[in-house]
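Enquirer: With chain A's structure known, arrange chain B on it following the hints.
Listed in order, the protein sequences are those of chains A and B. In this text, residue positions in the first sequence follow my numbering: the first is 103, and each later residue adds one. In this text, residue positions in the second sequence follow my numbering: the first is 1372, and each later residue adds one.
Some chain B residues near chain A, calculated using beta-carbon distances under 8 Å:
(1) MET1405
(2) GLY1466
(3) PHE1472
The set of hints was computed from the structure by calculation and includes no laboratory data. Glycine residues also receive a C-beta, built at the ideal position from the N, C-alpha and C atoms.
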Amino acid sequence: EPEVTQTPSHQVTQMGQEVILRCVPISNHLYFYWYRQILGQKVEFLVSFYNNEISEKSEIFDDQFSVERPDGSNFTLKIRSTKLEDSAMYFCASSSRGADPLYFGPGTRLTVL
Amino acid sequence: QKEVEQDPGPLSVPEGAIVSLNCTYSNSAFQYFMWYRQYSRKGPELLMYTYSSGNKEDGRFTAQVDKSSKYISLFIRDSQPSDSATYLCATSGGGADGLTFGKGTHLIIQP
Chain A
103 EPEVTQTPSH
113 QVTQMGQEVI
123 LRCVPISNHL
133 YFYWYRQILG
143 QKVEFLVSFY
153 NNEISEKSEI
163 FDDQFSVERP
173 DGSNFTLKIR
183 STKLEDSAMY
193 FCASSSRGAD
203 PLYFGPGTRL
213 TVL
Chain B
1372 QKEVEQDPGP
1382 LSVPEGAIVS
1392 LNCTYSNSAF
1402 QYFMWYRQYS
1412 RKGPELLMYT
1422 YSSGNKEDGR
1432 FTAQVDKSSK
1442 YISLFIRDSQ
1452 PSDSATYLCA
1462 TSGGGADGLT
1472 FGKGTHLIIQ
1482 P
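Same shape as in the complex, but just chain A (with noise of 0.2 Å):
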């Protein structure tokens, strides 16, 4: 059965430092998305990203942020100056229609020390 894939699964990096993180949505599906989940909260969406470009955004997607598909296949999240806040798991979610529903990867563990 297709998957979406996370790389990797844990990251640690030091704050202030520029983290990517990667996935790979399943191959038919057009949309794209990332959320976050810290320790013991909700999981919250980031971004939405449909035919090259961001559809929606939350407010936590500021300009420390930013996605990309460099190819066909791969789905990248930036974080360009990691704070100790950044520290969350990471989840990749795609989807075949907007509408229909979200298929999640396993996540990336960020750790900022």
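Expert: The following block gives chain B in isolation, referenced to the frame of chain A:
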């Protein structure tokens, strides 16, 4: 206001019991309703997906949506220890809208 409320639990029931999990939401524009299961430090796994009001059944799982009272439920019949997890409800208005999640209910099925 985009909010989904869910009792975080924990909810502990004996094996074989019927489990009822619930959420309320405030935004009447929400039309799509999902239930996800999440094991510790793993990604949310889709269990049920419904559009608008009504019931949907899939094996031991039944999802109910009552849009008039903005209330969504998930029932699990013949609960098993492997059902122990956190259950997340999520809603959206459709399109490329992000999902709005509840905080999740931590369910424990006692053998």
